[in-house]
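Sequence lines, in order, name chains A and B. Taking the numbering used here as reference, the numbering of the first sequence is continuous, increasing by one, and the terminal residue is 405. Taking the numbering used here as reference, the numbering of the second sequence is continuous, increasing by one, and the terminal residue is 527.
Within a straight-line C-alpha distance of at most 27 Å, the following computed BS3-like cross-link-like pairs (lysine-lysine) qualify:
hint	chain 1	residue 1	chain 2	residue 2
1	A	K210	B	K169
2	B	K284	B	K63
3	A	K90	B	K513
4	B	K103	B	K63
5	A	K377	A	K99
6	B	K442	A	K303
7	A	K393	A	K377
8	B	K442	A	K87
9	A	K183	B	K53
10	B	K354	B	K478
11	A	K175	B	K53
12	B	K522	A	K90
13	A	K183	B	K164
14	B	K233	A	K183
15	B	K63	A	K179
16	B	K272	B	K251
17	A	K183	B	K293
18	B	K137	A	K179
19	A	K179	A	K218
20	B	K442	A	K90
21	B	K103	B	K280
22	B	K138	A	K210
23	A	K210	B	K53
24	B	K164	B	K478
25	A	K218	B	K164
26	A	K139	A	K152
27	A	K87	A	K303
28	B	K450	A	K377
29	A	K303	B	K450
30	B	K169	A	K179
31	B	K123	B	K105
32	A	K302	A	K391
33	A	K99	A	K302
34	A	K210	B	K137
35	B	K116	B	K138
36	A	K175	A	K148
37	B	K164	A	K179
38	A	K210	B	K164
39	B	K450	A	K386
Because the hints were derived from the structure by calculation, they are not lab data.
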Amino acid sequence: MEIFKYDKPIPFMRYAKRFGLLSIVLVLLSLGLIFTKGFNYGLDFAGGTLVQVHYDKKAPIDEIRKAIAKDKNYENASVTYFGNDNEIIIRTKNSSKSLGKDMGDTIRELIKDTGNFEIRRVDMVGAKVGSELREKGIMSLVLAILGILIYVSFRFEWRFAVASVLALVHDVTIAMGAVVLFGIEVNLDTLAALLTILGYSLNDTIIVFDRIREGIQISKKSDLAEIIDESVTQTLSRTTLTSLTTFFVVLTLFVFGGEIIRGFSFTLLVGVVVGTYSSIFVASPILMWLGFSVKEYRLKQAEKLKREKEKEKMRAQYESGTL
Amino acid sequence: MKTLNFRLILFIFALIFGVVFSIPSLTQSQSGKKITLGLDLQGGLHMLLGIKTDVAIESRIKSMAASIKYLFDDEDIIFDNLRIEDGKRITFELLDSDDVPKAKALLKKELEGIKIEQNGLKFTVEMTPQEVARTKKNAISQAVDTIRTRLDAFGLAEPTVAKQGEDKILVEVPGIKTQEDEQRIRELIARAAHLQLMAVDEDRNSRVETMSPQEARSYGDVILEDVNHPRKYLLHGIQILDGSMLTDAKVGFDQNNQPVINFTLNGQGAKIFGDFTGKNVGKRMAVVLDNKVYSAPVINERIGGGRVQISGNFKLDEAHDLAIALRSGALLAPVYVMEKRSVGPSLGADNIKASLMALILGFVLVVIFMVLYYGMAGLIADIALVGNLFLILAIMSLFGATLTLPGMAGIVLTVGMAVDANVIINERIRELLHEGKSVAKAIEEGYDKAFTAILDANVTTLIAAVVLWAYGTGPLKGFALTMGIGILASMLTAIVGTHGIYQWLLPKIDRKRLGFWFGIKTEGKK
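With these hints in hand, go ahead and build the complete structure from the sequences.
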């Protein structure tokens, strides 16, 4: 089977400005959402208590609400169905430091008359740990981006590095925007998803950049836009196929992976789509706009080659001289 | 057919290694190194505990004060107004100035890490800053040991208790069946088990019901409540002795067949206890546990041998847990919960089911897709993918790594990403074939050209995985681990392994049947 067969390069760069504009709008919208609506921090980052209760039949949610409202600690607790009608989650911003009788034990006593149930999960994060986790989370995102920036500038030219990191920031921002838009709870696993998007989207971008680097060295053309069009077209099938396979597995994770990792798989789904888009339409144009010059690059490479050859020659002379 | 090449041999070895070492994990056999399931998959309790080290200082001061009292009594040094101020200073007055050198020498000899200040006959004893720091540090490591001993004594399978950071304790207990059991375990951990034997202030005890705590303090006394009855006792603030002198505690039964706890004191404790009971016949002595009075019997005669009983209307379970707590020693400083995650066994089973389902389905989808799209080349990539999965399991088994729910997600994701290398290679080979290159050349060049792209891409993903591993906590570490191992393993299986298979099959690959081998229809441009 062969879906992608192009004799001529697709003129992606002709539309670069339009896509650039679309990306800017999307990023601005995401930033707007992040700063106005803000993240819906889950337990891990905000602290609090979460109790998951499984009933042997449909959970009597109103009764449960009434039952737990008797305790002052749960006045502002939210009770929601989780995944299905038999399962509920009770959330509150409070947490208790006591080991002996914790919030799960209190809940068990409060709802003991609401039916046959089993408490399946009690998570409690104190405020101090929450803020520590948040700091560590931001730190890890920054460090990952920094590490990637260093590696890519080492392997490519600096403009490649800047372009790929800008594309990354673009992807992560839009993914975060989607998380805010859909009110997905931000927990540690959402953070893991964001870091995976970093790695994944960069993966895509690097494959394209690798082709561009190769194209600059071997192509007869010397217009960067044309070389980019050629390279993106050549890697288009790979980009799409890999995105598809990854999309498949993330989708199965989203549908079958269970309610607990839904935040994780949703963030990844968005990330895969945005990451694919950005490696085709965003990363390469940035390279162009950063003023990368094919001629200069070739000149530099030629000089480097010349210097190396001279060195070799001198060494050969030196060696034969001493011999 | 060409003879085996080194790439293929390497791949076969990797495959055998992968299968052999993942067998113990897959079959869950008793022997052999295997993967442990994380608490989110098998159910269990995860807690991060904080510790109030200030309390350890206070109780250290209290036991110092008790020592001073005992030492001075023993040496016939006459003193008065022995008090504890602010929970960190001991003050007393000597009545006879001739005793001063003797008292000072005695304190220096018997008590470590103290600073003595003297103002006439008034003395202030404090802990040195180094001693305070040492005591705090000691309290944490003692808490770790004590909690571990208690959990072991409770008979739980492989609990983890470890110090985390400077002043936190990580406790992980797998395999808890019900929430009631969990609560019992938490109570066992939290139990201070601070046992004290204290003398009742018989001169003033009759007024205890109306006495204010301030007034009690002015006599150097404390008011404590009875554990079973609404009754109070006025006790001398300086204890006779505490649980640190206890050697054993066992559950027994009294004449009414009620569970009680019998404990035995060590030599020094037995001597102090014997001396005290001998001097105080007719008075009452209270058995105090965690600041509650369990009993306050009248001393009928001198009690030697150091055997004491605690009774307090215990349930059998309760007495059992309490004996464990007493045997393991008191927690010098109380612990509190900073973070707690507990997953019931049925939810753990659901999590395994859901993530396995996602893994199998994702895997099948990818495998079918690759064969449909690339023909034999896709099948070869699929073989590598299977090899990759086994390698991940084998490496994790060898390190005894923990597989968590996010870790499962990491494996699922690796399935998607590992075939990426083969997609890149296959696309390159197709391109080269379209250009009219020979099969052998297309394969060699395809691998050559695809390599740098794959390497760069994998290294960057690896950077993200390493950062996540270093900064992540608990389950997230599991995600970073499986993803990292998966990427490294894919370099071996997807690049070296498939290359080896192609080299081995090369003589069979017919340029006229490219549709079968690589899923393309081309005769080449030439």
